[in-house]
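Produce the entire structure from the sequences given, and follow the hints as far as they go.
Protein chains in written order, with this note's numbering: chain A, 701 to 800; chain B, 470 to 1115; chain C, 602 to 1076; chain D, 38 to 206.
These are computed hints drawn from the structure, not numbers from a lab. Where a beta carbon is used, it is the ideal one built from N, C-alpha and C, also for glycine. Keep in mind that the hints are not guaranteed to be accurate.
Said to hold, decoys possible - Quick list of the computed label-pair ranges, beta carbon to beta carbon: (1) D/I129 <-> B/I1072: 28 to 36 Å; (2) C/K652 <-> D/I129: 55 to 63 Å; (3) C/G657 <-> B/G539: 32 to 40 Å; (4) C/N787 <-> D/F132: 37 to 45 Å; (5) D/I96 <-> C/D692: 38 to 46 Å; (6) C/T946 <-> B/T1071: 32 to 40 Å; (7) B/S517 <-> C/T891: 53 to 61 Å; (8) A/R785 <-> C/V791: 51 to 59 Å; (9) B/S520 <-> C/L1011: 46 to 54 Å.
What follows is the residue order along each chain.
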Amino acid sequence: MVPLNWYIWLSGVLFCVGMFGFITRRNLIIMLLSVEIMFNAVNISLVAFSHYMEDLTGQILVFMIIAVAAAEAAIGLALVIALFRNKETITVDEFNEMRG
Amino acid sequence: MTLKHVLIPALPLAAFIINILFGKAILRTKAHWIALIGVAGSFLCSLSALSGVLSGHIVNEDLFTWITSGSFKVSVGFLIDPLTAVMLIVVNTVSLLVHIYSIGYMHGDKGYYRFFAFLSLFTFSMLMLVMGNNFLQMYFGWEAVGLCSYFLIGFWYYKKSAADAAKKAFIVNRFGDFGFGLGVILIFLTFGSLHYSDVFKNPAAFAGQTIMICGHSFNLITVIALLLFCGAVGKSAQLPLHVWLPDAMEGPTPVSALIHAATMVTAGVFMVARTNSIFVLSPTAMAVVAVTGGVTAIFAATIALVQKDIKRIIAYSTVSQLGYMFVACGVGAFSAGIFHLYTHAFFKALLFLGAGSVIHAMEGEQDINMMGGLKKHMPVTYLTMLLASLSISGVPGLSGFFSKDEILWMAYAHGGGIGKFVYLLGAITALLTAFYSFRLIYVTFHGGFRGGHDKEHHLHESPQSMTLPLIALALGAVAAGYVGIPHILGGHDSFAHFLAPVVGEAEAHGSLSQEWFVMISSIVIAITGILAAYYFYIKNTKIPEGIAKNFSPIYKILFNKYYVDEIYDVLIVKPAYWFSGAVINKITDAIVIEGVVNGLPTIVEWFSRRLRKIQTGIVLHYSMFMAAGMFILLILILSKLYTGRF
Amino acid sequence: MTLANLRPMAPELILIALGLVLLMLDLICRKKEMLAIVTLIGAILAFYFIKGSHGGLFDGMFIADLYSNFFKTVFIINLLLSTLISVKYLDTERALHGEYYALLVFATVGMMTMASAGNLIVLYLGLELMSLSIYVLCGFLRNNIKSTESAIKYFLLGAFSTAILLYAISLLYGSTGSTDFNKIANAVAVMGAGAALKPLLLFSVALFVTAVGFKIAAVPFHMWSPDVYEGAPTSVTAFMSVGPKAAGFAIIGKIFFVAIFGLHVEWVKLLIPISVATMITGNVLAISQTNIKRMLAYSSIAHAGYALLGILTADGDGLTAAMNYMLIYMFMNVGAFAVVIMLRTEDFAGDELKDYLGLAKTHPLAAFLMMIFMFSLTGIPPTAGFIGKFYIFTALIHSGQLKLAVAGVLISVISAFFYLRVVMYMYMKDPEVETPVSDSLYLKVALAISVVMVIVIGVFPGKFIEFAKASLILQ
Amino acid sequence: MLSKVFFLYFASVIVLTSSLAITRRNAMHGVLYMLLMFFHLAGLYLFLNAEFLAAVQIIIYAGAIMVLFLFVVMLLNLREDVQKSRFIRPWIIGFIISSGVMVIAIKAARSVEVVGTGRWGIKEIQSATHIGAIGQELYTHYLYPFELASLVLLVAIVGAIVLAKKRLK
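Now the structure itself:
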């Protein structure tokens, strides 16, 4: 049997990979992917906790997260399209109309 | 608490709001109606409140609590007891009459609606001051009446002297108010509450406490009382902070009558009477009050002897009479002080309004030497002012007699050095008062007109809206005193009994014969003063000039008001200017002004501009900040676990 | 389960129905003003139903209690005011209507769900419902580069904070075995002092602080807010400067004061530097702003800092003060934004500070209202802002945090500098351009409500304090 | 033992593919690596007796969300963006923060213990089937979140249309 903390480790590592992508990549779409990675990292730990605690709450939450992730992806991608229409780029650091 | 009590201050407030909002655009020359209705309503309500108090119905309730935090409570509440009732009557009566008077006096002024708006606001503030049931409300009322006074003195702000006078009044009052504010804070710290009912419940319990100031220990109650008295000195123009009041005469005359004679300046007396249970615990403070009052009384009276400006004479007379009131308070006869406050309101307001009537007729001329013989041109003004002068001089049968005699007797009967001393001062002042009052009457109204022919043609009696209030006030000046006829004259001293529950009854250590002696001597003094004035200014008009010439140093000192203004100028104003000019401007300009006043914002702004750079507008940087913040939080919270420290 | 059983969630149900109706009405209704009126009617109806809403539903997932009702009141008033100020503004910006109001309504439902959540799952879904709606609202002027940019900024960082929140939830779930607030509280209580020794639990506390800090725009998680506030349509800015922030405080009450109250020593230690930094950053950065929306954004950061001070006391008084602060903040902030919107006309943006030069001469009423809101934001008595600050600081002093209270007062002095500068611009300078103002009846109603409430709360704060006090979950 | 080997395989592939996904210059490649990662995640879920979630993971994540991503990547003409440098300038700071958090996370999760006390042990789930168990929970106890999720999706639909529609009315 795999120890629980292995899953938590995996979750933590995956979360940080996603976070690294999110805070450094300039490509909007990759940033969105990074967020998905972070969600999935959380999912791993939730499913693992849920399994080890013999309680389905975590898995229900995973189910919800997947549903909401879909919703977020839809909105995020719609925004990407709207932005691309306005500025012909998806390089995120070029959106600095407002600052200070 | 019933509606009528709330309406007393609410009506003038409503009048103020309506006038300030719609006065300029809609009401214009009709502005007085709103103010008049407000004050008249308030007057009727206060009459009804008085009858309530007379039938033993005392109100002490919080109307509404603004904020509370532990024992600190800011609330608006009304305490309507005999003292408040008297003040309500005084304030509302004079205010109502002054409102009516102003219709004629201010007619055609371009700030007509503004004038009435501020009059209403002042009435409201004054009513809040006297009706309050806690020190904070009194303090706010105190500041509010000061502010109104400031606006009204400087009503003709385009006149430099008016603007300067307003500024002076404001600044001088700051000194007093600072002390008052400290006193209120000290009261809160000592008693843990600012409500009268809590503070006055048992102040004696704190009598023995001391407070350390600069390494010396002082009696706590004395310190509180003296701080409070500081405020009274400023507001009631006692030595050495009296300098603002004569200058305040730059304001319109109705304002002088209402604010600077009858009501606001007496707030100091009211406050001392209100806090009598604190003052009586401190003989030191009482002595200070009595001596300050006595010295101010004689000091101001001597100045009034030689002034030429009709309003200034009356202004110094006011200062002097206020001194009387403090003498009464200082010898523990608070009810006598309030009694004098009450009668004084009538005859002093009358004097001012009469003076206003004269000035109105003289088209702005205020020098009494340019007047004379006005008796036949303006009989109503003459007669009413004569009655007021008789009253202030203490001629038997008029209201001033009863109240002034009461004070003198109380001072005399107080015994001890202080009592004798202030009695002596008071008696001399009474002589001077009678003299200068009748000097005013004789020079202004008798003899021949000295202002030239052109002016003489224009002389006329003032319109009815101005004479009616004069007549009404004259009735007061004659009859107001009959509520307090002393026992010795077969009366019941009802006024003192009425106030006794609030201010207690003064003990008089004296026999009947002594009382008779004091009374008769004061009558004699009054008559002597009047006759002397008659002799000097009617019979033998050369004498004053001769005296002025022969005793020119004294005359000069008096005429220049003991050079107090000049002394202040040299001691305080000039050094302050010099200090600000030489020290602040030159030496610390670069450091203090640049550094603190401009610099602090500049530094902050500089900092702000630098800090803005962090906000690059790039999401990645923002997210990096978020991640870094999260990282730091994680370190913060987990470092305890791993290192044992937080 | 019958419909009557659902009474506790009547306000939510009404608003959901309202949102759906709005979406459909948009198709058949020509006159777009109708949509606003329907929104107002629905919101008032929901408001009316708040009062009788009591009890839990769905095994304690949904809890309608006085605490949630307090926040629901705030949210629905916020919805009402935002709707009122939107009508004319949307016209000026030529934006779609139906979806706009529906999204406002759904965002409000999300906030209400958060306030009455009994479970972390519900809280998460409410938060997402609110956030997604607001992301879209920010980018509503999709041909406007600023609007879309603000939306993507908010969206990206919001998604990041959601991920952090989820991570926190998963770790809390793992350490306590439940997602129900009361069960978590019990589990933490059982651990006793050992709770502070569980690394995963502490880890999740830090993550919660991060995620909630993002929602209320606390430093250093605040950086989205100036950009988003500036870029978003002004009516949305008004809406989101209050709604999500108040919702953030609502979940602070749920998470910090109920679920992990056993760890309050820890989270207070984390929140102290955050709140101080938030006040300083918000106030200092507001000084050098030239755009009024941006200035108000920084000011809203600072106000979150003050409200956080109330949270730091970790007691009922402080939470009451913070809740009360949110209520007050809503009126003054929405009011200020309403004035900003008032200046927005067809060919005039009206959101630069210099547009306010001499406003008192050209539009005395607008200037006067702005002055009252600025006074209130500064905290000058007798406006509501003073009451808010007063209770925050006294709560701090009573809980023994004297130093923080003094720091808070000193820092709030800085704020006078930029708020009163607006007043000075309006009253002491001469106008540069003749600025027209919009004369929408709806806008005027919103302004009237805000200014009356600012004054009324300022003068009669007793009732409102009682209201907030009575709404407390932990006594 | 075997399970550990399998876990290590899945875990390392997940970490590897995710790392690759976020470092690819071309978003398209990133998306494809993500697909690979999702399949392995599904495998991991199977491992944890969550068959339904594994299926959902593939159907929704791989089948829907990633396809949406692909659509968008292909819809936009990203030729210029691909040329630009991949990371923001002080990426090293991001790297330090991420690895710092990672270290803390690993350290914090070193000794995590939970006790299986719930009513859905492996046996119970097997007898009810996973989909049955989830269904039972979802439509009874978690009905409210389920309904809320529908609202979230509705907002997403409306919002996506509002944002992506071509022309204003």
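Now for the hints, and whether the structure bears them out:
no.	hint	verdict
1	D/I129 <-> B/I1072: 28 to 36 Å	holds (33 Å)
2	C/K652 <-> D/I129: 55 to 63 Å	holds (57 Å)
3	C/G657 <-> B/G539: 32 to 40 Å	holds (36 Å)
4	C/N787 <-> D/F132: 37 to 45 Å	holds (41 Å)
5	D/I96 <-> C/D692: 38 to 46 Å	holds (44 Å)
6	C/T946 <-> B/T1071: 32 to 40 Å	holds (35 Å)
7	B/S517 <-> C/T891: 53 to 61 Å	holds (59 Å)
8	A/R785 <-> C/V791: 51 to 59 Å	holds (55 Å)
9	B/S520 <-> C/L1011: 46 to 54 Å	holds (53 Å)
Checked against the numbered hints given earlier, this structure breaks none of them.
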